[in-house]
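A.B. asks: Mind docking chains S and P on chain W? Use the hints.
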Amino acid sequence: MNRLSFLLAILVAQPLLADSSLPPAYWANRQLPDSRQEAKAEALMAEVRCLVCQGQSIADSDAELAGDMRDLIRRRIAAGEKPSAIQGWLVQRYGTWISYKPTDEPAAWPLWLAPFGLLLVGLWFVRRRIGQRRRG
Amino acid sequence: MSKAIRFAPLALLLLVIVALVWRLATPVDTNVHSKLAGRPVPFFTLAAALPTKPTVSSTDLATGQPRLVNIFASWCVPCVSEVKVLQSLKSRGVPIDGIDIRDRPADLTDFLARNGDPYERIGSDPQSQLQIALGSSGVPESFIVDGKGIIRYQHIGAIQASDMPMILTKLEQAK
Amino acid sequence: MIAEAGLAALWLAAGLAAYQFLLMILALRSNLEVARPMRAVAVVQGGLTLVAFAMLLLVFARSDMSVALVFENSHSAKPFIYKVAGAWGNHEGSMLMWVTILAVAGAFLALFSRRTTERTLIAGLGSQAVLALGFYAFLLFASNPFARLFPAPMDGQGLNPLLQDPGLAFHPPTLYLGYVGLSVAFSLAVGALLTGEVDSRLARAMRPWVLGAWILLTLGITAGSYWAYYELGWGGYWFWDPVENASLMPWLAATALLHSMNVLAARGALKAWTMMLAVIAFSMSMVGTFLVRSGILTSVHAFAIDPQRGTFLLVLLAIYVGAAFTLFALRGASLKEGAPFELVSRESGLVVNNLILSVILGIVFLGTLYPLFVEALSGEKLSVGAPYFNAVAGPLALILAVLVGVGPLLSWRSERRPVFRQLRVPALLGLSALVITMILAPDIHILPRLGFVVAAYLIAAAVLPLVGRNPLRAPLATWGMVVAHLGIAVALTGMAANAAFSSERLGIAKPGDTLSVGPWLVQLEGVTPTAGKNFTAVEAELRATRGEGAVILNPQTHYYSDPPTETNESAIRTFWNGQLYTVIGKSDASGGWQLRLWWKPFVTLIWAGGALIAMGGALALLGRIWRRRRLSSGEWRRKGYA
Chain W
1 MNRLSFLLAI
11 LVAQPLLADS
21 SLPPAYWANR
31 QLPDSRQEAK
41 AEALMAEVRC
51 LVCQGQSIAD
61 SDAELAGDMR
71 DLIRRRIAAG
81 EKPSAIQGWL
91 VQRYGTWISY
101 KPTDEPAAWP
111 LWLAPFGLLL
121 VGLWFVRRRI
131 GQRRRG
Chain S
1 MSKAIRFAPL
11 ALLLLVIVAL
21 VWRLATPVDT
31 NVHSKLAGRP
41 VPFFTLAAAL
51 PTKPTVSSTD
61 LATGQPRLVN
71 IFASWCVPCV
81 SEVKVLQSLK
91 SRGVPIDGID
101 IRDRPADLTD
111 FLARNGDPYE
121 RIGSDPQSQL
131 QIALGSSGVP
141 ESFIVDGKGI
151 IRYQHIGAIQ
161 ASDMPMILTK
171 LEQAK
Chain P
1 MIAEAGLAAL
11 WLAAGLAAYQ
21 FLLMILALRS
31 NLEVARPMRA
41 VAVVQGGLTL
51 VAFAMLLLVF
61 ARSDMSVALV
71 FENSHSAKPF
81 IYKVAGAWGN
91 HEGSMLMWVT
101 ILAVAGAFLA
111 LFSRRTTERT
121 LIAGLGSQAV
131 LALGFYAFLL
141 FASNPFARLF
151 PAPMDGQGLN
161 PLLQDPGLAF
171 HPPTLYLGYV
181 GLSVAFSLAV
191 GALLTGEVDS
201 RLARAMRPWV
211 LGAWILLTLG
221 ITAGSYWAYY
231 ELGWGGYWFW
241 DPVENASLMP
251 WLAATALLHS
261 MNVLAARGAL
271 KAWTMMLAVI
281 AFSMSMVGTF
291 LVRSGILTSV
301 HAFAIDPQRG
311 TFLLVLLAIY
321 VGAAFTLFAL
331 RGASLKEGAP
341 FELVSRESGL
351 VVNNLILSVI
361 LGIVFLGTLY
371 PLFVEALSGE
381 KLSVGAPYFN
391 AVAGPLALIL
401 AVLVGVGPLL
411 SWRSERRPVF
421 RQLRVPALLG
431 LSALVITMIL
441 APDIHILPRL
451 GFVVAAYLIA
461 AAVLPLVGRN
471 PLRAPLATWG
481 MVVAHLGIAV
491 ALTGMAANAA
501 FSSERLGIAK
511 PGDTLSVGPW
521 LVQLEGVTPT
531 AGKNFTAVEA
541 ELRATRGEGA
551 VILNPQTHYY
561 SDPPTETNES
571 AIRTFWNGQL
581 YTVIGKSDAS
591 GGWQLRLWWK
601 PFVTLIWAGG
611 ALIAMGGALA
621 LLGRIWRRRR
631 LSSGEWRRKG
641 YA
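Protein chains in written order, with our numbering: chain W, 1 to 136; chain S, 1 to 175; chain P, 1 to 642.
Pulled out of the complex, with its shape left as it was, chain W reads as follows (with noise of 0.2 Å):
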C-alpha cells in the first residue's frame, strides 16, 4: 500500500481511543444561527490543526478535544470576537504549529516570499531564452 491510501486508511479509522462518557460540547456539531458568524467560525476552524489526530484540521475531526474546540471557537465567535484574535489566543498556548496557515511570523517569510521569487528567477531564465533571437 502506498501514499494516499496509506495516509487515508489511517485517517478513515478513528481508533477508539478512551472517549469520556459526556456527549460532546453544545456548539461541538450544531452551526450558529448566525451564517456570517457560522462562516467565519468555520474559516478559522479549517485552519487550527487537531492535536489528537495531528494530519487533520479540527473542522475534520471526530476527536472530542477537536470538538471542544469547535464549542470554544463557536462561543467566542458568538460573542463578538475576531477570528484572528481566537487563533492569536490559541498559538499563545499552542505555538505557530496549531495553526495551518502560516503566521506573519518572521520564520514564515520566505514562504510567502518564494512564490515571487521562484517567478522572478523563471522569467530571467525566460527572457534570456527569447533574448537569444537577436544574438543568434
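Calculated from the structure, these hints are not laboratory results. A few of these clues could be false.
[Stated by the list, open to error] Keeping only pairs whose Cα atoms sit at most 30 Å apart, straight-line, the calculated DSS-like set for lysine-lysine is:
hint: 1; chain 1: S; residue 1: LYS35; chain 2: W; residue 2: LYS40
hint: 2; chain 1: P; residue 1: LYS533; chain 2: P; residue 2: LYS586
hint: 3; chain 1: S; residue 1: LYS170; chain 2: P; residue 2: LYS381
hint: 4; chain 1: S; residue 1: LYS90; chain 2: S; residue 2: LYS53
hint: 5; chain 1: P; residue 1: LYS381; chain 2: W; residue 2: LYS82
hint: 6; chain 1: W; residue 1: LYS40; chain 2: P; residue 2: LYS381
hint: 7; chain 1: S; residue 1: LYS3; chain 2: P; residue 2: LYS336
hint: 8; chain 1: W; residue 1: LYS40; chain 2: P; residue 2: LYS586
hint: 9; chain 1: S; residue 1: LYS35; chain 2: P; residue 2: LYS381
hint: 10; chain 1: W; residue 1: LYS40; chain 2: P; residue 2: LYS510
hint: 11; chain 1: W; residue 1: LYS82; chain 2: S; residue 2: LYS35
hint: 12; chain 1: S; residue 1: LYS84; chain 2: S; residue 2: LYS170
[To be verified] Chain W stretches covered by chain S per the calculated footprint, using a threshold of three residues with CB under 8 Å from any CB of chain S:
hint: 13; region: 19-25
hint: 14; region: 58-70
hint: 15; region: 93-100
Where is the CB? At the ideal position from N, CA and C, for every residue including glycine.
C.D. replies: Here is chains S and P on its own, set in the frame of chain W:
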C-alpha cells in the same frame, strides 16, 4: 549556461538531503508542549467536581508554595496507575490539585474510591475549556506551578514511579 | 519452495542488472558491439522480476503462513481478492511491485525503442539497470518479502477489515505504474546526457513513456481524491496533506515535461531544460516514496517508522538524483540550444506553461518540506497547510488556465497572424460569466468567481484548435490536447461551484426532525442498529426532498472490534446538478444524532474533469503510437527483436 546555474540543482539537492538526514536522526516529537511554561496560569474558575470537595481556581495556585496540577479523568486508562504515584507524592507533602476533564460526578466518586484520592481540590472541566486555556492536549498531563502562580514545568503523559525524583527536584526548584 | 523460488529470481535479476550496467560501461568506453546481449539481458531481468512477483502473489493466494509477510498481512479467512491484493498492501510487497515495474519498463524499452540511436539506448538501459540495482539491494538486504518463519504460525494477523477495500487494492498499482513509468524518461535523459545526443529523436522516444505514466498518475490522483471524498466523510476532496503532495509533485513535473518535450521534438529547442525536467520527474517519484515510506512527514499517528529503511531509501535517492544532477552540471554546457523563437510563438507559450508549472511544483515542494527546515534551524514547529497552498497555487493555476487557451493557437517559431482575434468568443463568454456571477451571486469569494470566468473562457478556447479545419482529419494528438484542456475547464467549474455554492448543515436531530441544506429538506426517519460480516453498525434512514418526490439515503457508522475502530460510511446521492452528501455521527445523551449534510452543486465535475484530462492523454498516446506504427513499419520488420 553558466557554471553556477548548472551546479545550482546539485547545491539544492545537498541542502534537502541534509535536512532529511537531520529529520531521520531526530525523530519527530509528537507531544504538544504548552507555550505557557514560564508564564502565569491564566485566570480561571471552575465548578466543583464533587459536592464534598473544594474546587480549584487560579487564585488557589499562587499561595506561596509550589503545587502540582494534575489533569485527569475517570475514563482515562493511564490515570489509574498514575494516581498511585500521586498518592506517594502526596505522602511526601506535595500539594496536588486535580482538574477533571469531561467527567461525571458518579464516575469520579467511583474512580477515587477505587484508586485513592491524592487531591486537595478538584475542579470540573466538562468541555476541556481550561485544558485548552492551559495549552494541554491530552489526559493525563501535569503542571508544576510555583508560589507566584507561574507555570514552571509541564509533564505530558502519566507520571511514572521512576519520574518521582525528577518531579520532586522540579518542585524544589520552583520554591 | 515458492518463496525460495521468488527470492532466487530476485537475486538472479539483481545479478543481471549488475551485468547490464557493466555492459553499458564497457560499451560506452570501447565499442557498441560489446553491448549486443544487452536487450536480451534487460528482457530476462524484467521476466525474472515478474516471476518473483508472481511467487509473492502465489504465497499470498495460498495463505502460506510460513512466510513472515503473509503471516503479518493476511489471514486464511480473507476474501480471495483481498488475499491477493494484500501482496502489495504492505511495505515489502509494494517495494517488490516497484522494482518489478522498473525492470519490466526496462524490458519494454529494450524491446520497443527504435527511436533513439543505439548508443543512447544502451546508456539508457544501463541507467535503468542501475536504478533497479539499488532497489534490488533495498529489497534483498532491508525488506525481504520472502523471509520465512519457523515454526509456521497457524494463521495470520492481517484480518483488518479496514484494509479490505477495493480502493485500497487497486489505487496503489495505478499510481506505482505512473511513478515508475517516469523512470524511463529519467534513464533516457541520463543516457542522452552521457552520449551527448539530446535531440528531437530522443524527445519522440520519451514521449509515449511520459504520456503513459502521466495518464496513470492523473487517473490515480483523480481516483484517490474521490476516494478520500467519500471515505473521510467531511466533504473535502483535497487536503494538501504531505502524502497527497507527494503524489502531486511527480504529476506536476510530468505535466511540465509533457509540454517541453513537444518543443524538443518539434524544434530541437529547450534541450537542457527538458533533460532537467525528465530527471526531476522521476526524482519526485523517489522523493514521494521516501517521504511516505520513511514516515518522517506524516504526523498522522499509527505509522510504523523504520529509520533503517528510511536511511536506505535516502541513500538511494541521494545517489541517483545526485549522479543525474552532476551529469547535468558536467554535460549541460555542451548542449546547444536549438532553433530560436520569438516572443509570440508556440515555443514561448510552452515555456511560460513550464514556468508556471515549475513555480507551482516549487511551492508544493517548499511548502511540504519547509516545516522541516524551520525545525532543524530553530527548533520551532510550524505548519504549512491548505490555506497557504490554496492562496499561492490557486492564482497561479488560474493564470495557467488562461494561457492554456492561447498557447495551442500559436504557430511555431513566430506568430504573425492575428490569432488573438479568435479569442473574442471565449473572452466574451468569460466576461458574461463574470457579469452573471456578479448578479446572481454577489457574495462569493474572488477565487471561485475567477474560476467560473476562466472556466467559461477555456471551454470555448480549448476547442479552437479544431475550429476552421475538418475536425475528423485533425491528428488524434490534437484531439487529445483539446480533450485534456477541456478537462481542465470542466474540473475548474466543479472546483469553483463546490467552493462557491456548497451548503453545509451540521446539526443534532431526533427521529422525526428535519434539517435543511441548500434546496433540500432532510428528515431523519429513524436510526436502526444493523450488522455486517465483521462489524456492527447503526444506520440512519434519511428522507430528502426538494419539492416533488423524495429520495432515501442510508448513511452508516461501522464499529469494528479487531482492531477497535469506527468508520463513517457516508451516503451520497448524485443528481445531474450536484451531490447530496450525508453522514451520521454519534448520538448524544438525549436521543439526538449528529448529522452532517452537504449539498454540493456540480461537484462531480471535478473528477469528470480529471477523467477527461486522462482521456485526452490516452487519445494523444494512441495517436502517437498509431502514427509511429505507420511510419516505421518497414523499419520495424527489418530490425525486429531476434
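A.B. asks: Work down the list of hints and note, for each, if the structure agrees.
C.D. replies: These are the hints, each one checked on the structure:
no.	hint	verdict
1	LYS35/S - LYS40/W	holds (26 Å)
2	LYS533/P - LYS586/P	holds (22 Å)
3	LYS170/S - LYS381/P	holds (25 Å)
4	LYS90/S - LYS53/S	holds (17 Å)
5	LYS381/P - LYS82/W	holds (25 Å)
6	LYS40/W - LYS381/P	holds (26 Å)
7	LYS3/S - LYS336/P	holds (15 Å)
8	LYS40/W - LYS586/P	holds (25 Å)
9	LYS35/S - LYS381/P	holds (12 Å)
10	LYS40/W - LYS510/P	holds (27 Å)
11	LYS82/W - LYS35/S	holds (22 Å)
12	LYS84/S - LYS170/S	holds (19 Å)
13	19-25	holds (count 5)
14	58-70	holds (count 4)
15	93-100	holds (count 4)
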